[in-house]
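Fit chain B to the given chain A structure using the hints.
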Amino acid sequence: MAGQIVSAVGIMIAGVFACAAYYWLSDRLLNMALPVRGRDIVTASRNLNRRSVIRPWLFLGPALLLLAIYLVYPVIATLILSFYDRAGTTFVGLDNYRWALFDREFRQSIFNNVLWLAVVPAACTFLGLVIAVLTDRIWWGNIAKSIVFMPMAISFVGASVIWKFIYEYRGTGTQIGLLNAVVTFFGGDPQVWIALPFWNNFALMVILIWIQTGFAMVILSAALRGIPEETIEAAVIDGANGWQIFWKIMVPQIWGTIAVVWTTITILVLKVFDIVLTMTNGQWDTMVLANLMFDWMFRGGGDSGRAAVIALVIMAAVTPIMVWNIRQANRENGGH
Amino acid sequence: MNIAQSIRRTGFPRLFVHAAVLVIAILWLLPTLGILVSSLRDKDQITVSGWWTAFSGSAQTEAVRLGDASSQKQDGTGFVIAGSLFDGGKTVTGFGTRVQEPNAYPAGEAVDIGNGETLKILGDGTYEYRKATSFEGDRGKRVYLTVMTPPAFTLDNYRTVVNAEGIGKAFINSLTVTIPATIIPILIAAFAAYALAWMEFPGRAILIAVVVGLIVVPLQMSLIPLLKMYNQIGMFFGVPSKTYAGIWLAHTAFGMPLAIYLLRNYIAGLPKEIIESARVDGATDFEIFIKIVLPLSFPALASFAIFQFLWVWNDLLIAMVFLGTAKDQLVLTGALNALLGSRGGNWEILTASAFITILVPLFVFFALQRYLVRGLLAGSVKGG
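The listed protein sequences correspond, in order, to chains A and B.
This note's numbering puts the first residue of the first sequence at 1079, with every later residue one more than the last.
This note's numbering puts the first residue of the second sequence at 776, with every later residue one more than the last.
No false leads were slipped in.
Here are the in silico distance ranges between beta carbons for each label pair: (1) A/1135 <-> B/805: 50 to 58 Å; (2) B/938 <-> A/1185: 43 to 51 Å; (3) B/929 <-> A/1275: 37 to 45 Å.
Just a few of them, taken from the derived set where beta-carbon distance is under 10 Å, the chain A residues facing chain B: (4) 1086; (5) 1087; (6) 1089; (7) 1093; (8) 1155; (9) 1159; (10) 1252; (11) 1255; (12) 1293; (13) 1341; (14) 1349; (15) 1359; (16) 1406.
Derived from the structure by calculation, the hints contain no laboratory data.
Glycine included, C-beta positions come from ideal geometry on N, C-alpha and C.
Here chain A stands alone, though its shape is the one from the complex (with noise of 0.2 Å):
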């Protein structure tokens, strides 16, 4: 083992040593090969000015090669891959599209990934919004929120174990999991959540609810925060109560904020594929398009083609986004 740890650090230091070499010595040869000293006026403004023609490039340069080879390059060819055979190696037209219509688990990822839009961010926001406000009114608000927030560390997959041993089920003798051990505390029969069709769905998703509640909290209680405190004052010299205030005032103001939250746990929920992949990997009817991809990858030695299929339909999902959000930067890029 420790010899892996000292090939590990070697490793490291070489490759982040090797990055940083990049940019000072193409600076350096940049500097070189246009000199300025030594030279007359006209070939030194020459020099000078090609220099900063190129520069912007070099820094840019391993940026953008990334970007081209691991996200423009890709998108483009798994497009293309599903108008081809298992082995992306036969045009076979829409045949691959023509499956994912008619096939009965493709169906059931759609209806599973539209249930799971359906419910997550809607129960995230909603939840992140009203703690936001309780906490913000308590002198231990801050301690609260660390909790509500700290499951934002934990990974998808640890999250899965803690969770699953919530929903551990005993056939016999006494319950060690929390949710059957209360069920059974009040008269109720002990039940294997997780392979209970339909209803196992909404047991994953408490997971993803679990983790993203926190962020949806912090963003929103940031929001909240913004909100002027004449509007809030003028409402209660009014006589509005806090019910109202929360819904006809503070809500109004922040709904920006709300749809930036919404979204961005939109397009989580879209890719979720850890939980599944731990709790259920796809049995009794929890399949979800990013598993589903992720078998197809990988079954019977893998069909690109299927797979590509389903990864395009991700993306559509996400295209919208994408756009508004394209939008929105250039309107904030506006003035320059």
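Below, chain B without anything else, positioned relative to chain A:
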């Protein structure tokens, strides 16, 4: 206004807020607490009682035999078999003669168990078995005990998973993946962000739009072509296709759009005067970047670093695809996933492994929460 009214107007809602937040905090903490407590419990206790009873000890049923007829002694007019059923560490709370009723009689009292026999079992396991006539038979009587075991906490589970279950090795693998995959993207993205914020060149606005668009591109779009590409490169050069360098580059690239976006926004907001006066003084862009922009951008760099660290440490998909699933290549998330398959019911192993997995992110989280919040507020457009 009388007291009842004032409670109704202010006291009750305030109390309600406290109560509601307390319930929420407990609900949110309970799941994690469950595995922390369980991971520290004795593995035999985990399977027989809920973790919430860990501090009160657990009740178990045990079957024991009393001494046989050969150990009987005459005591006055009757006969008695006496002895001890176990050596300390446990407490008998009740006993019975049928397995269905291990708690039929309380410990410490002599009870009539039929056939003119009386039995007394004390809490410490010593017993007296009496009969008016002599005992017969060469096998001792079967008795069922309800035994309270005191809470037993141990670090054995951690020792087991770190050594025998490969979690120690996976921990090193995770560090090997995560640290470079956190530092390299910061460096690359910071240079690009500076160029996009402060350098003039054609196509800048389009590039910014592309970066923003790429933030939400799902990973799934990249997996198939990249897997093919990695395999081809591996075959072409005769090198393994699943290497640390490969996964560093993958994580670097996938984190790049958000990194550039976050850092560009921050760097573009730096005071114009500082950068222009440095230019007037003859500093090159490289010098301005290293000496002025990098130090000033520390808060943004820290925010992104935490993001990226948590994201890479907690990632399962990229590790499975680009690093493989062989046992010695597994990172912590992968190892935990494998254990869920192979050790599904062994909660002492799963809980201890899970806790080791979340230990580092939790530490980072609590130590650097401030930067994490700032980063979230600046870049809440990415979906992970």
